[in-house]
Each structure stands twice: as structure tokens, then as C-alpha cells.
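Protein chains: 2
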Amino acid sequence: MSGQAISSPWKKAPDRRSERNLKQEAVLAAAARVFAERGYHRASLDEVAQILNVTKPTLYYYFKNKEAMLFACIQHGLDTLEAAGEAMPDAEETTGLDRLVAYLKRYAGINETDFGRCAVRISDAELSDTSRKKVRRVKTEIDRKLRELISNGIADGSIAPSDPKITAFALAGALNSIGHWHQRDTELAGQKMIEEYIALLVNGLAPRRK
Amino acid sequence: MSGQAISSPWKKAPDRRSERNLKQEAVLAAAARVFAERGYHRASLDEVAQILNVTKPTLYYYFKNKEAMLFACIQHGLDTLEAAGEAMPDAEETTGLDRLVAYLKRYAGINETDFGRCAVRISDAELSDTSRKKVRRVKTEIDRKLRELISNGIADGSIAPSDPKITAFALAGALNSIGHWHQRDTELAGQKMIEEYIALLVNGLAPRRK
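Protein sequences, first through last, are from chains A and B. The letter at position 86 of the first sequence is residue 85 when you use numbering that gives the first Met the number 0, and the numbering goes up by one with no holes. The letter at position 29 of the second sequence is residue 28 when you use numbering that gives the first Met the number 0, and the numbering goes up by one with no holes.
Treat the hints with care, since some could be wrong.
Repeated chains share a single entry, so a pair holds when one copy, or any two copies, can fit it.
Said to hold, decoys possible - Below, simulated DSS-like cross-link-like pairs (lysine-lysine); rule was C-alpha separation at most 27 Å, straight line:
| id | residue 1 | residue 2 |
| --- | --- | --- |
| 1 | K164 | K22 |
| 2 | K144 | K11 |
| 3 | K138 | K55 |
| 4 | K144 | K191 |
| 5 | K11 | K164 |
| 6 | K104 | K164 |
| 7 | K65 | K164 |
| 8 | K55 | K10 |
| 9 | K144 | K164 |
Source of the hints: derived by calculation from the structure; they are not laboratory data.
The following block holds chain A by itself, in its conformation from the complex (with noise of 0.2 Å):
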């Protein structure tokens, strides 16, 4: 036997693992870009592998049938928003509001994604009742975080007095609405379109006294 070193063609079991991890996660964004643009039950997979190149066989070997990859791509949409709140500075000399518009801001421009398009645009009716049980349970954790955000204005005086409750709906349904449009109306979206809802959540319709 000669001691050159043979090159074998399988890779090693770490390389396997992360391909096959950088693969799903390519299936994963296809996924997400179709159902923003489709909706759920008009999203074809076929249009899923031609993205990527491969034949839709191929996708099954990374999840188990179109409902899976939904809740993928919901969850994944859910979790960046999540975690846009967790990574909030906590610093002592911003006030509640700059806080919660700092999150606002980045609650917005996930929606501009397609994975937050995915979170906001598809009905979590569309889930087994086992996946919509999680993504609610995210949900409410990411209402808690805003709710959160707005009591705390409310008592440092930076927001005006409301129901926690409702003013959080009231921002989320604003900001989600970024999600179900961005598609129909491309040029609205953006830097700028984030700044004018940001403007209006903050100082209303109604001019302010200079």
C-alpha cells in the first residue's frame, strides 16, 4: 500500500452536517420568497426547486411536505422578531419611547423580508394545530415584549397614557401591514416607508405645536 493520501469522495461527517444544514436553509429561503409572493396554497413546490435547481424530490429530503416547510419559515419569521426585542439596549439614558421605536424600527424592516412577509401574510390557520400551538406561543411572547416596551414609556412619561393591551395591537397592526404590502407596491418600500410609519405611530396625524 502507498502512503499517499487517498482523497475520498464522501466528505466527513462535521462537512455532511453542515452542508446539509446550509442546503436546508437554501430550501428554507426559497420556501419563504414563494409563500411571501404566493400565499400558501398557491405557492407550487416545483417553483421552489427550480429556484434552487434541483427537482422537487429533493425537497423532501429536507422537509417532510409543504405544511413543514410553512411552519419553518412562519417560526423562522417569528423568532427574528423575537429576537429583535431580546437584543433591545437597555441603556439608562434612552427614554421608554426612543426604546420602543428603536424595536419598532427593527419590528418593521423584518417585515420587509420574506420570512417576516411569511409570518404576517399567511393565516397560522394554514398550521396543524400542534405548529400553530408553537408559533401562537411565539406570538405571545412577542406581544409581551412590546406591551412590555410601552409600560415602561408610559411610566418614565416618554408615552402618553393608554391601554398596554391595545396600543400594542394597534403598532403591530400598523407595522404588519409593511408585510402585506411591500409585494403588491415594490416602490414604497424601504428606508422611507419605514420613517413614515415610524412618524405617524410617534406624533400622530394631528400637526404639533412647534
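Go by the hints and put chain B onto chain A.
Just chain B, lined up with the frame of chain A:
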């Protein structure tokens, strides 16, 4: 032959027509309730039939299929929203902001009804291409009215300057969320919720100086 009037078990043609209309409206109201609660795909026509104490085949006498029912429900919801805009008083003594707020209140109230919830909660991606085009036309009309009210308010100085297109999206997004949350959180429904939403949209999160 006796001159006594014979009471026919068949109704006169005009009565038959109006009875048919009444029944069709009842089918529509029951369908709207079920679609709003369950979403389109989970909605069962058995449940619609049960609400009306009829058998499922009876429903097909009034609507060709489930999609036709959904279309009629969404259309009805949107028509009501559009009519609310047309019926706006245009008195000269009111400001543009007053007129916008009056419209937003009606809009919010409609979003709490079953038809409004259908229009808001169920994606028009569920509809056939023809139906979707019709629905989009009414949505465009509603959007146009909202932008017009905002522009008029900006023109008379009662509304702070903004891009009316984006502001209309943000307002509609916030108010549409009433239709989304309504079911899950019934304690929040009603006048208090609408008033808090309007206060946020008119005055903003930041406190106003007295």
C-alpha cells in the same frame, strides 16, 4: 265554481323573488360568520348549513360553491367600507382631520363585523382571478378615498404633512388589525378598542404638551 278565493300554496312571483333574496342574505351572513371564525380552508359548509337549520345541498341553491360564497362575503365587506366613505358629510365647518377621523371610526366599526373580518382576515389569493380582480378594484377605490381624505387634511393644515399614500397604508393596516384580533380577544372588542386606536393614530405615542 264558487267565488271564494283559493289560497295558493305557491307564492306570487315577486314574493318568491324577495324570499329568495332574504334566504340568500341569510346564507351569506352565516357563511361570513364561519369564514371569519375559521378562515377559508377550515370553514365547513356543514357548519354554515347547521347555523341555518338546512342541509348542505340547500346552500348550493344560492351559491355555486364555497369560493362563490367567499367572494360574496369579501365583496359585501368591501362594499360596506366603500359606502362608508361615500356617505361622508362634507360640511364646510369641519376640518379635514375631523372628516378623516369620522371615516376611520366607521371603517373600524365595519372591521368588527363578520363581513369586515372576512374582507380583512382572508387573503384574496383564495379567490379566482376574475373575482380577485373585482375585489382589488374595490380595494383600490377604498384606498383612493382614504388618500383623498388625508390630502384634504394636509391641505387645510389639520393633518401634519406626510406622504398620503404611505399614511393611508399605515392607517388601513392599523384598523384592519381590529378584524384580525377581534376573534382571539373578544374582551377587547367594541367602542373602547376603536377609541384607543383612533387616539393613537390622531395623537401619536409621544405625549402632547397641554
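- When the hints from earlier in the document are held up against this structure, which numbers fail? Of the numbered hints, 1, 2, 3, 5 and 7 do not hold.
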